[in-house]
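Residue numbers (the numbering used here): 5 to 757.
Read the hints as simulated data drawn from the structure, not as lab findings. Wrong hints could be hidden among the right ones.
Said to hold, decoys possible - Cβ-Cβ distance ranges computed for the label pairs, FRET-style:
| # | residue 1 | residue 2 | range |
| --- | --- | --- | --- |
| 1 | Asn-514 | Gln-323 | 21 to 31 Å |
| 2 | Ala-481 | Thr-321 | 51 to 61 Å |
| 3 | Ser-327 | Thr-172 | 20 to 30 Å |
| 4 | Gly-344 | Val-70 | 17 to 27 Å |
| 5 | Gly-510 | Thr-636 | 19 to 29 Å |
| 6 | Asp-145 | Gln-536 | 21 to 31 Å |
| 7 | Ala-729 | Gln-618 | 23 to 33 Å |
| 8 | Asn-360 | Ser-219 | 26 to 36 Å |
| 9 | Asp-691 | Thr-636 | 41 to 51 Å |
| 10 | Pro-606 | Asp-505 | 45 to 55 Å |
Said to hold, decoys possible - Calculated cross-link-like contacts (lysine-lysine; reagent style BS3-like; alpha-carbon spacing at most 30 Å):
| # | residue 1 | residue 2 |
| --- | --- | --- |
| 11 | Lys-532 | Lys-522 |
| 12 | Lys-466 | Lys-90 |
| 13 | Lys-679 | Lys-696 |
| 14 | Lys-393 | Lys-46 |
| 15 | Lys-689 | Lys-732 |
| 16 | Lys-466 | Lys-393 |
| 17 | Lys-696 | Lys-681 |
| 18 | Lys-730 | Lys-681 |
| 19 | Lys-749 | Lys-632 |
| 20 | Lys-696 | Lys-732 |
| 21 | Lys-347 | Lys-296 |
| 22 | Lys-393 | Lys-347 |
| 23 | Lys-563 | Lys-520 |
| 24 | Lys-696 | Lys-749 |
| 25 | Lys-296 | Lys-41 |
| 26 | Lys-679 | Lys-632 |
Glycine is no exception: its CB is placed at the ideal position from the N, C-alpha and C atoms.
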Amino acid sequence: MKLIHLLIALSVLFGAARAETNPVPLIYQPLLPVTVKPGSSKFTLTVNGTGFASGAVVTWNRQTRVTSVVSSSQVQAEITADDVAKAGTASVNVVNPTPGGGISNTIFFPIQTPAPLVAVAQDPGFPGGSGVNLAADFNNDGFLDLVVGAQDSNGFFIDTYYGHGDGTFQQVFPNHAVLPASLMIAGDFNKDQFLDIAALDGIGNTAIFDNHSGSFFLPNQVLRSPSIGLAEADFNRDGKLDLLVTGSLSQNSGYANIYLGNGNGTFAGATNIYHETGSGNPAVGDFNGDGKLDFAVPYDNGGSTGVAIYLGNGDGTFQSPKSYGVADRATTASVADINGDGKLDIITNGGVLLGNGDGTFTTGAAIDVCNSGCPVSNPQIGDFNGDGKLDVAIGFWLLLGNGDGTFQAPILLSTDAASTVAMGDFNSDGKLDLAGESLYLQVPMILSPTSLNFGSQKVGTKSRPQNVTVLNDGAAALTITDITFGGSNPLDFSQTNNCPDSLPVGSSCNVAVVFKPKAGGARDALLKLNYQGFGSPQTVGLSGTGAVATVTLLPASLKFPLQLVGTTSSAQTATLSNTGTVAVNISNITTSGPFSQSNNCPSSLPVDSDCEIQVAFSPIGPGQASGKLSVTDDAEGSPQTVALSGTGTVVVISPLEINFGDQAVGTHSSPAPVKLKNVGTDSIKIDEITIKGADPGDFSETNNCGHGLAGGSSCTIQVTFTPQAKGKRLASLEVTDNGGGSPQKVALTGTGT
Numbered sequence: 005m006k007l008i009h010l011l012i013a014l015s016v017l018f019g020a021a022r023a024e025t026n027p028v029p030l031i032y033q034p035l036l037p038v039t040v041k042p043g044s045s046k047f048t049l050t051v052n053g054t055g056f057a058s059g060a061v062v063t064w065n066r067q068t069r070v071t072s073v074v075s076s077s078q079v080q081a082e083i084t085a086d087d088v089a090k091a092g093t094a095s096v097n098v099v100n101p102t103p104g105g106g107i108s109n110t111i112f113f114p115i116q117t118p119a120p121l122v123a124v125a126q127d128p129g130f131p132g133g134s135g136v137n138l139a140a141d142f143n144n145d146g147f148l149d150l151v152v153g154a155q156d157s158n159g160f161f162i163d164t165y166y167g168h169g170d171g172t173f174q175q176v177f178p179n180h181a182v183l184p185a186s187l188m189i190a191g192d193f194n195k196d197q198f199l200d201i202a203a204l205d206g207i208g209n210t211a212i213f214d215n216h217s218g219s220f221f222l223p224n225q226v227l228r229s230p231s232i233g234l235a236e237a238d239f240n241r242d243g244k245l246d247l248l249v250t251g252s253l254s255q256n257s258g259y260a261n262i263y264l265g266n267g268n269g270t271f272a273g274a275t276n277i278y279h280e281t282g283s284g285n286p287a288v289g290d291f292n293g294d295g296k297l298d299f300a301v302p303y304d305n306g307g308s309t310g311v312a313i314y315l316g317n318g319d320g321t322f323q324s325p326k327s328y329g330v331a332d333r334a335t336t337a338s339v340a341d342i343n344g345d346g347k348l349d350i351i352t353n354g355g356v357l358l359g360n361g362d363g364t365f366t367t368g369a370a371i372d373v374c375n376s377g378c379p380v381s382n383p384q385i386g387d388f389n390g391d392g393k394l395d396v397a398i399g400f401w402l403l404l405g406n407g408d409g410t411f412q413a414p415i416l417l418s419t420d421a422a423s424t425v426a427m428g429d430f431n432s433d434g435k436l437d438l439a440g441e442s443l444y445l446q447v448p449m450i451l452s453p454t455s456l457n458f459g460s461q462k463v464g465t466k467s468r469p470q471n472v473t474v475l476n477d478g479a480a481a482l483t484i485t486d487i488t489f490g491g492s493n494p495l496d497f498s499q500t501n502n503c504p505d506s507l508p509v510g511s512s513c514n515v516a517v518v519f520k521p522k523a524g525g526a527r528d529a530l531l532k533l534n535y536q537g538f539g540s541p542q543t544v545g546l547s548g549t550g551a552v553a554t555v556t557l558l559p560a561s562l563k564f565p566l567q568l569v570g571t572t573s574s575a576q577t578a579t580l581s582n583t584g585t586v587a588v589n590i591s592n593i594t595t596s597g598p599f600s601q602s603n604n605c606p607s608s609l610p611v612d613s614d615c616e617i618q619v620a621f622s623p624i625g626p627g628q629a630s631g632k633l634s635v636t637d638d639a640e641g642s643p644q645t646v647a648l649s650g651t652g653t654v655v656v657i658s659p660l661e662i663n664f665g666d667q668a669v670g671t672h673s674s675p676a677p678v679k680l681k682n683v684g685t686d687s688i689k690i691d692e693i694t695i696k697g698a699d700p701g702d703f704s705e706t707n708n709c710g711h712g713l714a715g716g717s718s719c720t721i722q723v724t725f726t727p728q729a730k731g732k733r734l735a736s737l738e739v740t741d742n743g744g745g746s747p748q749k750v751a752l753t754g755t756g757t
């Protein structure tokens, strides 16, 4: 039944029976339940609000439903299984009978499967406008339309788009306006069952446009005031919509004007309410439960931010305001029971004020979406993801609700710069969409999460897989055509999945993504899921850092002193240090030649740590020997090496130093014996035994060594000190041979007296 028929019927039934004028009712979020899944059974819908008269009825998509009036602030309606058989969004209103009465504001009831997130895509078929938008059913055909404020060379106009309910629109010839529109609201101001428009230009004017069966012509009234915000409600409960216009006289001074409606699309002169703060866009509700409408005006005067609360007297006048601070800039406001306690709360773009039910408030969750400029339009409240909890859209920032008055981190759905954003289900899929400079529809494929960060991963190695859940949140099976990678470094990522070609409604599958960086530094790509349907492809941002493992092995070389064949030297230390950003896996540590090693190195050397490798020399023959310490790992430059060198000898000479003490010049000391031994098995050749150094003439030697020593044999060299002058005298006994480490030396000292 069309709404006009409904109102006529109500007039017949109740007009004669009631002498008291019924107000225009106002309804609030949330409807209870907030949402249901497609195919649900029948249920009772509870609608809370203000001004419900005896005989009030709930309409569901403009069709009446069996209604029980619980109180002036609550009605209940019986919703059938047929009403929610398939995905879609119902328009819920409450209608009061005559005299007075009328239809309430609209609240959307989504019928959809729940999803963890929300994703939107721009509809390329919608021509868009200036970013001043208003969504409502202006031609009473049951589908949402869009009105867009725009301008061209001919001036400013209101552009009307009739919705077809499938995301497409028919553009109506633009209707020229006197002034540009900066904000618009809809209401049936002349009670002809068509929604009219009140539009602000932001420079001191509010224009009223009558709806002529879905078309808007020149305004029939212009209200002059420095306007910023706008709302409509029946403040004096006479069954006629009134206007609330707010504005600022200066940064620290504002006002609220109440224009009482005449019921014919015109308004009486303003009732002025001044206050000491600048004004933002207001919201209306019965905050103290007395059945009289109140309003809230957010403000930001540069020194403080908050909300001024005006409690109504029920006759279009209001009490002095009381202010409450919010955490961040507050320029727009809406009302809803956001925490589910049955009391109206106020939601601004700076924070939440939780209602106590008596007209007072406490500070709730902070909201910060003003970093890039605050949207002008009020927060749009609805269940965007079908989880039964109210969410808030402020411009294109979406805050998914937790159901307790708090929100998840804001999601920026689009960088669309629209000043006012309209909300509605424009394609009848059960999901709320947004209209700004363009139309943004929710997509049927939901990806969770929408980004993956793999952190630091060694170049050439695979990360552990991270999963992306793919949910079909649409109304029909989703055909997935392929899953690919794009972006800057697509070859650094790979995927496996269990997704079927056709994903049933409400079903999900998983894509496991692995990161294997091909180079060091920041690496990024896009996981792209292509499907048949609107918004394809959906993407997941991928990022990670290719880590190059680096180590140092110092010193670069180790040189060992003369070492007797068959013995092992004292150890020398080489240090392996992890100088990179990832752990280094050590697979092998070896030495070559007559060298050995022991170490305290773990199999995986952590970042900023080191270990020690002890290297020893064990010569197996006389002469010079060389080798290499090698560390094999997964770091750059593997294997790391240290050059090793040393000299083996079979000749033992002892002692290595003789001090003759004091000896008179020209006299001979007693001989001091020096033993020379061949510890090898082969004979060695002795080429020379001589005295060298600073004072070789002060020392002499005799020996029984001959020209060689057989293996295992020894000989003795007798050294005598005969000082030639007074003072300290220095020399060395040197034996030149082929036993390795030649010449063997004995330091000689003495003092001439």
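Against the structure, the hints:
1. Asn-514 <-> Gln-323: 21 to 31 Å: violated, 58 Å
2. Ala-481 <-> Thr-321: 51 to 61 Å: Taking Cβ atoms as reference, Ala-481 and Thr-321 lie about 58 Å apart, which means the hint holds.
3. Ser-327 <-> Thr-172: 20 to 30 Å: Hint violated: Cβ distance 46 Å, outside 20 to 30 Å.
4. Gly-344 <-> Val-70: 17 to 27 Å: holds, 26 Å
5. Gly-510 <-> Thr-636: 19 to 29 Å: violated, 54 Å
6. Asp-145 <-> Gln-536: 21 to 31 Å: Given a distance of about 29 Å, which is inside 21 to 31 Å, the answer is holds.
7. Ala-729 <-> Gln-618: 23 to 33 Å: violated, 49 Å
8. Asn-360 <-> Ser-219: 26 to 36 Å: violated, 45 Å
9. Asp-691 <-> Thr-636: 41 to 51 Å: Cβ of Asp-691 to Cβ of Thr-636: about 44 Å, so the range 41 to 51 Å holds.
10. Pro-606 <-> Asp-505: 45 to 55 Å: holds, 48 Å
11. Lys-532 <-> Lys-522: Distance ~20 Å between Lys-532 and Lys-522 Cα, so the pair holds.
12. Lys-466 <-> Lys-90: Given that 30 Å is the threshold and the Cα spacing comes to 45 Å, the pair is violated.
13. Lys-679 <-> Lys-696: Roughly 18 Å separates the two Cα atoms, so the pair holds.
14. Lys-393 <-> Lys-46: holds, 20 Å
15. Lys-689 <-> Lys-732: violated, 34 Å
16. Lys-466 <-> Lys-393: Distance of about 40 Å is beyond 30 Å: violated.
17. Lys-696 <-> Lys-681: Within the cut-off at roughly 21 Å; holds.
18. Lys-730 <-> Lys-681: violated, 34 Å
19. Lys-749 <-> Lys-632: Holds, at about 29 Å.
20. Lys-696 <-> Lys-732: holds, 16 Å
21. Lys-347 <-> Lys-296: holds, 15 Å
22. Lys-393 <-> Lys-347: holds, 16 Å
23. Lys-563 <-> Lys-520: Violated: Lys-563 and Lys-520 sit about 42 Å apart, past 30 Å.
24. Lys-696 <-> Lys-749: holds, 10 Å
25. Lys-296 <-> Lys-41: Not satisfied, since the Cα-Cα distance of roughly 35 Å exceeds 30 Å.
26. Lys-679 <-> Lys-632: This hinted pair is violated, its Cα atoms lying about 35 Å apart.
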